[in-house]
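Colleague: Sequence:
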Amino acid sequence: MTPFDVGMMMTGVLLVLVILGVRVAFAAAFTGLVGLIIHFSMMQGFERGFMTAIKMAGTIPHSKSVTYALSVLPTFILIGFLAFYAGFTKQLFEAAKRWLGWLPGGMAVGTVFSTAGFAAVSGASVATAAVFARVAIPEMLANGYSKRLSAAVVAAGGTLASLIPPSAILVIYAILVEQSVGKLLIAGFLPGVFSALVYVAIIVGVSAWRGDAPAIKGFTWKQRFESIPGTLPIIAVIAIIFCSFFFGLATPTEAGSLGAFVVLMVAFAKGMKTKQLFQALHETAKLTVMIFTLIWGVLVYVRFLGFAGLPDAFRDFIVALEFSPWLIMICILLAYAVLGMFMDAIGMLILTLPVVYPAVMALNGGEGVSAADSTFGMSGEACAIWFGILVVKMAELCLITPPIGLNCFVVSGVRPDIPVQEVFRGCVPFFAADVLTIAGLLAFPSIITFLPALMG
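Under numbering that gives the first Met the number 0, the first residue of the sequence shown carries the number 0, and numbering increases by one thereafter.
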């Protein structure tokens, strides 16, 4: 049995475990460890090979958790929970309602922009969906909006946190493919805004056609301007993070820490209690540990894949295909859409990128290729950023598609009166909106690459 055969066999075992419902972190760690044991046992004998595999797997949690780039994750997560427990989300939604409620489906439009604003200080899609399921859905239902539309807007709007910086999943992508965290986060800004605008266009069109989302009128200009001060803490954090990345004033971790400090000070000034602070810290710790555990487990499997030679084999297979590179890219994205129906977004990316990313880069001409000599008309670095945003957008799409559709389950869990099937049905127009967005990002890569290119 060759190392490649062992790799294929253990990959099959991993897929079976995931389908059976085993957590990705534990399934990946188990198959990776067993694969390493088999690999080294074939080379060194069982006893010596077993010890080599155990020692190698045992070094991964420490070596990866002390990576400086990973320290940005808890700071971004903390900003979101502090903003929630300090009540900033309600103020953000109120301002959006007053300024945008006059549109057809105005409160739904306001919800999209509110989730986009919260995404800019949160970075977690599930947390964004959970927060606005509590804040926005009761308001929309009270104003005559259907349950289906109200729940779907929150579920779809929550996905914007995957793109708009700071994004936890973009940080993980940057670490896995060894690209600039700052450039990837900045690259998500324009696609995130573009995606939000497509959502808004869909909402206005559907609401005007169905008439099930009445406009909210009656707010005076004075009332609108009175709502702005409540949004200033979030605007300040967005400005700090964006300017820090774009102008190179601070590292992502430093920007995240400064953002968390600003939110904390404003929260205390507005009367945040110690109990609420502890709740924010507790939720941050839980989510951070979950993400780190997932990274540790999957990286054991990734280490095994390297010894098995699967990434190189897949890269050679993709490059040898006699099809248009654009068609191959679309097929790769479609494969992510299918895979995302059965796996969570972070686990999906961590498992697949070590194999898929080298193939995509080879398809473009290699890591160091210039734009003039490349397949997709962009340099190696630009292609890495472009592919990252596309993959993350596919992960967003999977958050509102059955059978997993995590955001839909979260919204239904917060609002038990709205069945999850109803949430999925309401997300159909937003699924179409995401398909249009992905098509736009494929057709016009500069939407993604424009801002990172200005950073030099």
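One or more of the hints may lead you astray.
Claimed, not checked - Straight line, CA to CA, 35 Å or less: simulated DSBU-like cross-link-like pairs of lysine-lysine: (1) 146 with 54; (2) 89 with 146; (3) 89 with 216.
Just so you know, the hints here were simulated from the structure itself, not pulled from any lab data.
Colleague: Against this structure, judge whether each hint is valid.
Modeller: To see whether the hints hold, each was checked on the structure:
1. With a C-alpha separation of about 53 Å, the suggested pair residue 146 and residue 54 falls outside the 35 Å cut-off, and the hint is violated.
2. For a cut-off of 35 Å, the pair hint linking residue 89 to residue 146 stands: about 20 Å separates their Cα positions.
3. For the proposed pair residue 89 and residue 216, the alpha carbon gap of about 19 Å is at most 35 Å, so the pair holds.
The structure is inconsistent with hint 1 alone, although it conforms to all the rest.
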